[in-house]
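Participant: What follows is the residue order along each chain.
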Amino acid sequence: MKLSKNFTNPLAANNPIIVQILGICSALAVTVKLEPAVVMGLSVIFVTAFSNLIMSLLRNGVPSRIRIIVQLVVIATLVIVVDQVLKAFMYDVSKQLSVYVGLIITNCIVMGRVEAFALGNKPMDSFIDGIANGIGYALILIIVAFFRELFGSGTLFGIQVLGDWYTPNSLMLFPPMALIIVGCIIWVHRSFNKDLQEK
Amino acid sequence: MLNLFINSMLIENMVFAFFFGMCSYIAVSKSVKTALGLGAAVTFVMVMTVPLNYLLQVYVLSPDVLGEGIDLGFLSFIIFIAVIAAFVQLVEMIVEKFAPALYNQLGIFLPLIAVNCAIMGGSLFMQQMVGTEINTVGDSIVYGLGSGIGWWLAIVMMAAIREKIEYSHVPAALKGPGITFIITGLMGIAFMIFSGVQL
Numbered sequence: 011m012k013l014s015k016n017f018t019n020p021l022a023a024n025n026p027i028i029v030q031i032l033g034i035c036s037a038l039a040v041t042v043k044l045e046p047a048v049v050m051g052l053s054v055i056f057v058t059a060f061s062n063l064i065m066s067l068l069r070n071g072v073p074s075r076i077r078i079i080v081q082l083v084v085i086a087t088l089v090i091v092v093d094q095v096l097k098a099f100m101y102d103v104s105k106q107l108s109v110y111v112g113l114i115i116t117n118c119i120v121m122g123r124v125e126a127f128a129l130g131n132k133p134m135d136s137f138i139d140g141i142a143n144g145i146g147y148a149l150i151l152i153i154v155a156f157f158r159e160l161f162g163s164g165t166l167f168g169i170q171v172l173g174d175w176y177t178p179n180s181l182m183l184f185p186p187m188a189l190i191i192v193g194c195i196i197w198v199h200r201s202f203n204k205d206l207q208e209k
Numbered sequence: 050m051l052n053l054f055i056n057s058m059l060i061e062n063m064v065f066a067f068f069f070g071m072c073s074y075i076a077v078s079k080s081v082k083t084a085l086g087l088g089a090a091v092t093f094v095m096v097m098t099v100p101l102n103y104l105l106q107v108y109v110l111s112p113d114v115l116g117e118g119i120d121l122g123f124l125s126f127i128i129f130i131a132v133i134a135a136f137v138q139l140v141e142m143i144v145e146k147f148a149p150a151l152y153n154q155l156g157i158f159l160p161l162i163a164v165n166c167a168i169m170g171g172s173l174f175m176q177q178m179v180g181t182e183i184n185t186v187g188d189s190i191v192y193g194l195g196s197g198i199g200w201w202l203a204i205v206m207m208a209a210i211r212e213k214i215e216y217s218h219v220p221a222a223l224k225g226p227g228i229t230f231i232i233t234g235l236m237g238i239a240f241m242i243f244s245g246v247q248l
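Note that the protein sequences, when read in sequence, are chains A and B.
Be aware that the first sequence starts at 11, since it is given in my numbering, and climbs by one per residue.
Be aware that the second sequence starts at 50, since it is given in my numbering, and climbs by one per residue.
Hints are computed from structural coordinates only; laboratory data are not their basis.
Misleading hints may appear alongside valid ones.
Simulated pairs of lysine to any residue, SDA-like, Cα-Cα distance not exceeding 20 angstroms [said to hold, decoys possible]:
id	chain 1	residue 1	chain 2	residue 2
1	B	224	A	168
2	A	97	B	127
3	B	224	A	97
Facing chain B, according to a computed beta carbon distance under 10 angstroms, are these residues of chain A, among others [to be verified]:
id	residue
4	18
5	21
6	31
7	52
8	115
9	168
10	172
11	183
12	186
13	188
14	192
15	193
16	197
17	203
18	204
Backbone N, C-alpha and C fix where the C-beta goes; we use that ideal spot for every residue, glycine too.
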């Protein structure tokens, strides 16, 4: 029961991007098209899940003074694995993601979950928590990318969806629109979750 | 060089064009005073770490510099983040020892900076620009300075707007992060007028 609550909580009620406002840095730039957004989401799910698992296993052996450095090393190693795999098997996507793969290291979701959850919980719970937070992150990425690709290029996953009658609105492809879409998602989300609204 | 400076500060602004450092940008932009403090700290750390990482990139990480056939490029993430974390730690200790007054003002921000994506992002972009825009240590210092000031500018402007917006009637669900995202998006559109400026 607790496990399933741990899992569903970060998906909506405590979503890392729109409620905790973490990890926006790398989130928005990869949302011009759906494909890189999905790949980025999967990478983050992998990194959060395993950094949570590893740090949870190490939690009793690491002195708290040096824990930040240990966390950074673990996370950076996982990100290097992701980066090398992407370069080897999905070269085009890895070119599109450019520096943002490296920025998963400084993605506050990863560090935040390790600090807030993995250091005080059992490995299995931490693993689930990592996966769920990764999915919560990927979900927002995919929503933003869906709107930007649909209205910006009239395509989804590169396939023409809107017909010739539609003139692509290239403003959607510029960075500022990603921020405005996230702002609107927060607006909708908080309209349904009144307890999150500020005073 | 001036071109590189203007370019990194206004046109390819860390916040508006790449979303770097958004987490602390949203969290710390509530008052102009703290925004000024964090912006100063970020700019300082960037001016120091981008050149350091530039030297490492050129003399250690590039292919064939340590010997024929040795390419340590895949280690760049972990080395950059280690340099940044170590530098932040060092600055924290020095400032605490020699300028306690400054430490009390900046103290809380310094640990935050290690995971600020703007710093890591600056180094990663520098890595991509080596050989094209950035060819000397001087270039890398200018790039770090321009990017840092651009970030500083963005957070201070945002803080000023947020102080004013306290008195406006914002829909309850948009208060806080929602309206901040949308304003940032609008500021980003305003910043797009700088694109194409050549000096």
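Participant: Decide, hint by hint, whether the structure agrees.
Facilitator: We went through each hint and held it up to the structure:
1. Among the hinted pairs, residue 224 (chain B) with residue 168 (chain A) is inconsistent with the structure: their alpha-carbon atoms are about 36 angstroms apart, more than 20 angstroms.
2. A C-alpha spacing of about 17 angstroms is found between residue 97 (chain A) and residue 127 (chain B), which places the hinted pair at or below 20 angstroms, so the restraint holds.
3. For the hint linking residue 224 (chain B) to residue 97 (chain A), the alpha-carbon distance of about 41 angstroms lies beyond 20 angstroms, and the restraint is violated.
4. A distance limit of 10 angstroms between C-beta atoms decides the matter here; for residue 18 (chain A) the minimum to chain B is near 22 angstroms, and the interface restraint is violated.
5. Hint status for residue 21 (chain A) relative to chain B: violated, with the closest Cβ pair at about 18 angstroms, above 10 angstroms.
6. Below 10 angstroms, beta-carbon pairs count as interface contacts, and residue 31 (chain A) has one with chain B at about 5 angstroms; its hint therefore holds.
7. Residue-level restraint check for residue 52 (chain A) is violated (minimum Cβ-Cβ distance to chain B is 18 angstroms; threshold 10 angstroms).
8. Hint status for residue 115 (chain A) relative to chain B: holds, with the closest Cβ pair at about 5 angstroms, below 10 angstroms.
9. A cut of 10 angstroms between beta carbons decides the hint on residue 168 (chain A): the least distance to chain B is about 23 angstroms, and the hint is violated.
10. Restraint check, residue 172 (chain A) versus chain B: the minimum CB separation of about 23 angstroms is more than 10 angstroms; hint violated.
11. At its closest, the beta carbon of residue 183 (chain A) sits 12 angstroms from a beta carbon of chain B; the interface hint therefore is violated under the 10 angstroms criterion.
12. Taking 10 angstroms as the C-beta contact cut-off toward chain B, the hint placing residue 186 (chain A) at the interface holds, the least distance being around 3 angstroms.
13. Taking 10 angstroms as the C-beta contact cut-off toward chain B, the hint placing residue 188 (chain A) at the interface holds, the least distance being around 7 angstroms.
14. The closest approach between the C-beta of residue 192 (chain A) and any C-beta of chain B is roughly 5 angstroms, which is under the 10 angstroms cut-off, so the hint is satisfied.
15. With its C-beta approaching chain B no nearer than about 3 angstroms, residue 193 (chain A) sits inside the 10 angstroms limit, and its interface hint holds.
16. This hint holds: residue 197 (chain A) has a C-beta 5 angstroms from the nearest C-beta of chain B, less than the 10 angstroms allowed.
17. With its C-beta approaching chain B no nearer than about 9 angstroms, residue 203 (chain A) sits inside the 10 angstroms limit, and its interface hint holds.
18. Below 10 angstroms, beta-carbon pairs count as interface contacts, and residue 204 (chain A) has one with chain B at about 8 angstroms; its hint therefore holds.
Against the hints set out earlier in the document, violations occur for numbers 1, 3, 4, 5, 7, 9, 10, 11.
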